[in-house]
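Quick mapping for you: the protein sequence lines, in order, are chains G and S. Per the working numbering, the first sequence runs over residues 155 to 273. Per the working numbering, the second sequence runs over residues 1374 to 1483.
What the hints contain is simulated information worked out from the structure, not anything from laboratory work. All values reported here derive from a predicted model rather than from experimental measurement. Some hints could be false.
[Stated by the list, open to error] Taking lysine-lysine and the DSSO-like style, the derived pairs with C-alpha atoms no more than 27 Å apart in a straight line are:
| id | chain 1 | residue 1 | chain 2 | residue 2 |
| --- | --- | --- | --- | --- |
| 1 | G | 167 | S | 1414 |
| 2 | S | 1376 | S | 1440 |
| 3 | S | 1413 | G | 167 |
[Unchecked claim] Footprint (simulated), chain S over chain G, 3 or more residues, beta carbon under 8 Å:
| id | stretch |
| --- | --- |
| 4 | 204 to 216 |
| 5 | 225 to 231 |
Beta carbons: idealized from backbone N, C-alpha and C, even for Gly.
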Amino acid sequence: EAGVTQSPTHLIKTRGQQATLRCSPISGHTSVYWYQQALGLGLQFLLWYDEGEERNRGNFPPRFSGRQFPNYSSELNVNALELEDSALYLCASSLAWGTGGRYSNQPQHFGDGTRLSIL
Amino acid sequence: EDKVVQSPLSLVVHEGDTVTLNCSYEVTNFRSLLWYKQEKKAPTFLFMLTSSGIEKKSGRLSSILDKKELFSILNITATQTGDSAIYLCAVSGSGYALNFGKGTSLLVTP
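Chain S extracted, bound-state conformation (with noise of 0.2 Å):
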């Protein structure tokens, strides 16, 4: 059965720091590994990870994924109060559907 584990399960910080966030999984033929931020309602889309190594950027966010030992990083430098939210990852594995995890909760503090 594919599982996807996320940790931690929260996190409270302060303003400025940078938080690592990880994800583990096992699925059958992955075909993708995604990171979601979930503030109020809608998942919103942040990275799609196909292969491994390979670091993707936006702004103060990244996030690699090492395919040989299952797991993914998402990363967020500086932190704000507006990063706070539930982070969730995904996977997609032969049934083109998604696999999440319980997701992380994040509250930044100023």
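This is chain G alone, in the form it adopts within the complex (with noise of 0.2 Å):
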């Protein structure tokens, strides 16, 4: 079975410019997750989407943006790029339906990541 796959693997863009990373997740996962990891400050969550909706967002700017498409991929946008955006741009997908109903306790699995460098 194919884990989580994202592209590209490294993105190089210079300041005020705009990135598009991408994610595919596991077959069968409908909820995909965006994280960042900045050196030193740990995996932060940026997004949340499931069925085409953001669910939820993490507590960073509004030019952090993305979708999910209707094959449950998503993309995240960064707008206006600044250097501190420079970081690990990590995807994770998940089942949305567990024993517990809608949105229990599933593991969150994760991509290998985008590393976006800002010039």
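Each chain sits in its own coordinate frame; assemble them with the hints.
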């Protein structure tokens, strides 16, 4: 079974530009999560999508946005890039339904990430 | 504000040693606590704990949760060099997203 796949592996941009990162979840998973892993800060939650809708977002400015497509893949867009946006962006997916019902506890499985470097 | 604190931040042991990694948390409407291993890029799922006192085991790794004292431990017995990694603890609360600790960096020397 294929895991979570992300593209591109590495992305180099300059300040002020826009970046688009892509994620394909594990087959059968409908929930997709985005996290930022910046040096020294640990993983921080960005966005959660399920069934094409944004379900929750973390404490990030509106220039971080995304969407989820009908096939459950997702993209993260970062506008007006700043130097501090340099980080590893990780996507995770999970099943939406568990024994306890919708959004009951299901582990999130991560992709290898996209390394975004801002020059 | 939700908070996850891991200790120690780094650890160096010899092959064959047993290690205990700690994770304490404060979270609104606790749902689950998860452990991940991160070697190069993708954090790899190890355990998900939802109930106090029930040990989860996988080979040489085991973990347990104490919901009264708000902490969890991850034990690794008979460590091997392949166990060298960053171990991440994360907690899920009312927002369903994972709140991560900063991780424990484990180095196992031959």
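State the violated hints by number, sorted upward, taking the hints as numbered earlier in the document. 5
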